[in-house]
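Taking the hints into account, I'd like the entire structure generated from these sequences.
Protein chains in written order, with my numbering: chain A, 62 to 304; chain B, 62 to 304; chain C, 62 to 304; chain D, 62 to 304; chain E, 62 to 304; chain F, 62 to 304.
Some hints could be false.
Same chains, same label: a pair holds when it works inside one copy or across any pair of copies.
Claimed, not checked - In silico SDA-like links for lysine to any residue, alpha-carbon gap of 25 Å or less:
id, residue 1, residue 2
1, Lys144, Arg111
2, Lys213, Thr122
3, Lys144, Thr122
4, Lys210, Ala302
For the record, the hints were derived by calculation from the structure and aren't laboratory data. Only a predicted model underlies this, so the values are computations on that prediction, with no experimental measurement involved.
There are 6 protein chains.
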Amino acid sequence: MSRIDSRTPEQLRPITIERGWSKHAEGSVLVSFGDTKVLCTASVTEGVPRWRKGSGEGWVTAEYAMLPRATNTRGDRESVKGKIGGRTHEISRLIGRSLRAVVDYKALGENTVVLDCDVLQADGGTRTAAITGAYVALADAVAWAQRKKLVKTGRQPLTGAVAAVSVGIVNGVPLLDLCYEEDVRAETDMNVVCTGDGRFVEVQGTAEAAPFDRAELTALLDLAVAGCDRLAAIQRAALEATE
Amino acid sequence: MSRIDSRTPEQLRPITIERGWSKHAEGSVLVSFGDTKVLCTASVTEGVPRWRKGSGEGWVTAEYAMLPRATNTRGDRESVKGKIGGRTHEISRLIGRSLRAVVDYKALGENTVVLDCDVLQADGGTRTAAITGAYVALADAVAWAQRKKLVKTGRQPLTGAVAAVSVGIVNGVPLLDLCYEEDVRAETDMNVVCTGDGRFVEVQGTAEAAPFDRAELTALLDLAVAGCDRLAAIQRAALEATE
Amino acid sequence: MSRIDSRTPEQLRPITIERGWSKHAEGSVLVSFGDTKVLCTASVTEGVPRWRKGSGEGWVTAEYAMLPRATNTRGDRESVKGKIGGRTHEISRLIGRSLRAVVDYKALGENTVVLDCDVLQADGGTRTAAITGAYVALADAVAWAQRKKLVKTGRQPLTGAVAAVSVGIVNGVPLLDLCYEEDVRAETDMNVVCTGDGRFVEVQGTAEAAPFDRAELTALLDLAVAGCDRLAAIQRAALEATE
Amino acid sequence: MSRIDSRTPEQLRPITIERGWSKHAEGSVLVSFGDTKVLCTASVTEGVPRWRKGSGEGWVTAEYAMLPRATNTRGDRESVKGKIGGRTHEISRLIGRSLRAVVDYKALGENTVVLDCDVLQADGGTRTAAITGAYVALADAVAWAQRKKLVKTGRQPLTGAVAAVSVGIVNGVPLLDLCYEEDVRAETDMNVVCTGDGRFVEVQGTAEAAPFDRAELTALLDLAVAGCDRLAAIQRAALEATE
Amino acid sequence: MSRIDSRTPEQLRPITIERGWSKHAEGSVLVSFGDTKVLCTASVTEGVPRWRKGSGEGWVTAEYAMLPRATNTRGDRESVKGKIGGRTHEISRLIGRSLRAVVDYKALGENTVVLDCDVLQADGGTRTAAITGAYVALADAVAWAQRKKLVKTGRQPLTGAVAAVSVGIVNGVPLLDLCYEEDVRAETDMNVVCTGDGRFVEVQGTAEAAPFDRAELTALLDLAVAGCDRLAAIQRAALEATE
Amino acid sequence: MSRIDSRTPEQLRPITIERGWSKHAEGSVLVSFGDTKVLCTASVTEGVPRWRKGSGEGWVTAEYAMLPRATNTRGDRESVKGKIGGRTHEISRLIGRSLRAVVDYKALGENTVVLDCDVLQADGGTRTAAITGAYVALADAVAWAQRKKLVKTGRQPLTGAVAAVSVGIVNGVPLLDLCYEEDVRAETDMNVVCTGDGRFVEVQGTAEAAPFDRAELTALLDLAVAGCDRLAAIQRAALEATE
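This is how it looks when you write it as structure tokens:
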């Protein structure tokens, strides 16, 4: 029983990571997970927020947003509504936490990196694509900061890589990297963020239609770990290529 | 090696569930997980939000908030700031999703229940206490709606119970139901929401200080499932008592 | 002709003042005027707002709010609406002014006390209960600040006590301390704030249904002054008790 | 001992009421209390707010605001700040309540009158000038609505007149109609709103520097009642003049 | 074929510029273009916004607003709506830019002038009246700052005068200084801001109903330049008069 | 004397118009004016805003925004700030007006088209690129609506084409299509919107550093008209290509 787009249950969609997309940002990546396209830019500034000044430690944060017509039906702009929705807040916080898990603040020194993840087109998995792409943009931005001598410690500010993927149970079958149509029908939906060496940074599983048992949880975790491993390889290949 | 408050690693704090706390609300519970105290009220109204009208289905939603001095340092009111913070949004959504996992909308009919979870005093685990207490307030509110004939289906709108607990790894030891001091020091922090029969509704694990491996994840899940099981028993006892 | 709850016209509802309600706040009181319950916490911080720096004088301010289901019908949260309503603003300002009337800023020194008055359950007279309870929380907070040597002047920062009560004319009869049902039917409604020695801090009388004449005003003031006098005695008793 | 501007304690400032100031509004008045100038416009619309529809009753409401440079130091615009301050809210509510005290909603029928009171220049007593002027604008607007047959009841929608004045104690002396310099120095400050026949609609007394006793309260009320009586005569004269 | 108000196509409405309207502001003008009345106040403060500190240069900015009943139908207050509309933003920016075109920041030194332009009554051309009046208020404010020695450079901070007028094509005829009724019917609408010596500061032409060709543009520019020239003369006369 | 990027004064930057960029929107274009890249999507919905219902006429509107790192320095998100800035408002309004100039509302029928113009990378001329690209997206969306029979009139809803370009005077030389570096140094800056047949829809000229005279205005208009003419040809070519 094949999937909507003919993938096997444990198959990722076509993944592309296009570095250097923007001429202005210190790191920038256009990442695609199938038809999901997210523009991730990393902005480096000297200095840190007020509450962190004098600590000798840096800061990394993220903001996620969707263009109004990234989805099938146009959504109102949060700037026009005058407030940020709960979903946007939640995903921005997830991306920030995920990246900070591999940042050595002392090594970074008092510099700030802001990751902007703007979804240009959405087809499921926007938050996992954003994390996966933002890591590469962050790596480029950190390398830039090292070249520019903003990072003065001589140590590597990134302690590892980070990638993320969604998994879910659709019609009783655990599937990797859900597209939008699958996501809508999933009984259970999980987002998993792993380090490049296969440990967990975030595990967020939600019963959409029915509670899930321990065996289902185990199957989903297995799928997700394997998927993140492949994404980590794609990230490494992208970073090794000449930009 | 005992815990700050002399508990064993797999021990809950003293849990109390005081029903009928408010004279106005259709269901109301003051729940305590140790020094964490959350007032949960359930408000029933006939009708549903516009987007659900005519569907024959009900709706359940939740709002979480903290009093300014629920914590050790006073926090600014979100009403004064004019916007709701990401953390508040995230927790409100979590509580709503958790409760909806055991609601049969068709059986509820076109009625809405709003759960307000206001933290009067915080000492770690406010979201898990809120979910655990809100379920009891919801059960009381649904019973009220049945007595008042607002629920006309003759079927039970709740398909089961829901409780939640936090777990975490502190100094390498997996612990159940973290108090604030433990939470601050945790390397990994997880919130788990289970149904009364032990299946998962939400699993949210976060690496605070260091990524966690599969064995640690397994240990945390074991602790959490056992903790939720005990909370479910306390909920049952509270609901069986004469109010 | 007795009242809804069988009180005489000049009788207060049962008043309780429970000190030390919160483990975090420097002063905290759960005050009840019958079924009206307000949690008052006093938060002390060193320093004053920018516009007062270097003056050698302290500052005292208050914020009032209602939990959404404190009333018979659930009210929308002001944090969700993104703005504070006129009634909330008005009452917060009244509480702050009332307390400041007995504060010697010079004696307090450059310290700030914020009083949070959160209505957990409402049955009329929430603002007068809030003022009466907040004074006791303030007294505890000031004593704390003296013990902690934040107050360095060696002088007493509070020049007296403050209590408040509502009065009104219902069916032509002047009544003390209106409950919600009486308040709704009152032709005239007045809130009076007095010092412990019986002088006026605030007098706010409003013709709800019909203008009132000088004789009615006099009768209401007489009732209110006597009521505040009894509340002052209850405050003294509460403060003299070992917490 | 005469006052800053040589008035006797019981003397009003020069009062002018200029009707028909605006070509667009159904009623409009430029009112001056000395250097305090408030533009009051009354806008009539058929229909009432949603919560009042079908009641057969009308509605009257008011909004107060200050131009940024109405005062000696420029104040930020509330539109730019994105929120309305507590003082503005409080005064808008006071004006609305004061006018509603003389409105017969049944006689008005389902029509709405909005009073906009914009302070063009401030020198103390802006809220009392606003109430006094707004009443005249309201009277003109109601007459307009009667001429246009929007008021169909054939009854008079206004049951009386309303005027307001401030009083206060400065250097121990009770004074009528404080200008800004007096207001700043007042130990006690009171705003009194009376009907044309001398009864009270609002009494709002505040101890600014020191609590006040019953004798002082009595003296202030006497002054205010006499002042309102003179303002009522000025209103009558203005309304009797050909516009 | 004469205009609604019997003017010729190239005729301005009656223009009045009343200086010294406000007792508080450093410069203040009530300007009328026919029934359009705008109160322009100029507020001088020492110092400049943070981003300009230490530059030795001053700053001039403007805010435009309409009273709710300045127009035929009452508009909601932007302070109540909690946000500023696009039209208000656009006009505020236009006024600021227009005035800055004749300011020598170096000569002004680190002082800030804020121009508040509040429309008391609107009948078309509010932005052009605002610019024309604001220039005179600015000139008075600068003269005040020179007398007070806030301007220390000994040089003239204003390099010239600025005035503005609207032009448009109505029924195919180019007209100067449109009133509201003409403005509504205009096929093309243009606002032109000129210096006192006839050069352009802003040209903003918009096709309302139909695109316009080069000949029409030329005719409109001719009308506008002549109109601005007459306004400049009226400004000079106003400034030469004893205030 | 050649330009920064070696163009002649009357030369456009390389212009590309990529249709069908988004899989969701009814019309979508990625337009580039050199390094300025704007994603324009057109969203069609049946029905019109409330104020237009029953008129038989359609509506077209536009929203413009910049990604935070579209520019050299990261800008704060307007959604995070909770309000839309004046510049954004102004440009959104300009785009909407420009497109509406070629829309026959009757022919469109009661359908709404929203144009979202999101700047992915900015290098000057973002508003003119947005208008030029949005027209093509609008044309595609209208064609879609005709194919889907949403447009029932059988008449062409677009009465012509619209394109826009910036011109300015840099070092005394009039230049076409300024890039960011030129824009910053321009003494005068003008944006011109023309129909495909060379008439004007908008002319917005601003003296940035010095007022401009009639001869300069003429030179700028000549440049702009010629530039728009070339853009119109590029639009036609794009629309004639198979998507």
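Hints, one by one, checked against the model:
1. Lys144 to Arg111: both (24 Å within a copy, 21 Å between copies)
2. Lys213 to Thr122: within (20 Å within a copy, 42 Å between copies)
3. Lys144 to Thr122: both (19 Å within a copy, 20 Å between copies)
4. Lys210 to Ala302: within (23 Å within a copy, 49 Å between copies)
Of the numbered hints stated above, none is contradicted by the structure.
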